[in-house]
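**Q** Sequence:
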Amino acid sequence: MVLAVDLLNPTPAAEAKKHKLKTLVPAPRSFFMDVKCPGCFTITTVFSHAQTVVICQGCTTVLCQPTGGKARLTEGCSFRRNSDICKASLGGMGRIENWASTFRIHALLDF
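Counting in our numbering, the sequence shown runs from 28 upward without gaps.
Hints are computed from structural coordinates only; laboratory data are not their basis.
Here are the computed lysine-lysine pairs in the DSS-like style, where the Cα-Cα straight-line distance is at most 27 Å: (1) 97 x 44; (2) 97 x 47; (3) 97 x 45; (4) 63 x 97; (5) 49 x 97.
Let the sequences and hints guide you as you build the complete structure.
**A** Here's what the structure looks like:
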């Protein structure tokens, strides 16, 4: 019996359609982002699926509002993915290995 689909090498389109836990390498699709306030240009770190209203600390402007899934950014706010806090593409073990290598570096430098 021959399968019509290669299970070890799925296409990117097929992986994008699957649930986050049903992919070949399970990984979360949420991330942290740096949001720049359009009024005072301060940067605030916001979770992509925030469940509360996020307000700028400098000028009390609403930066994003919760929806059923991802948070909706206010018009005029710019954002970028924050790669320092959450490596969403690595999955769980990548973060542990990354943390362990950072710990070893600090141990060598005697922090």
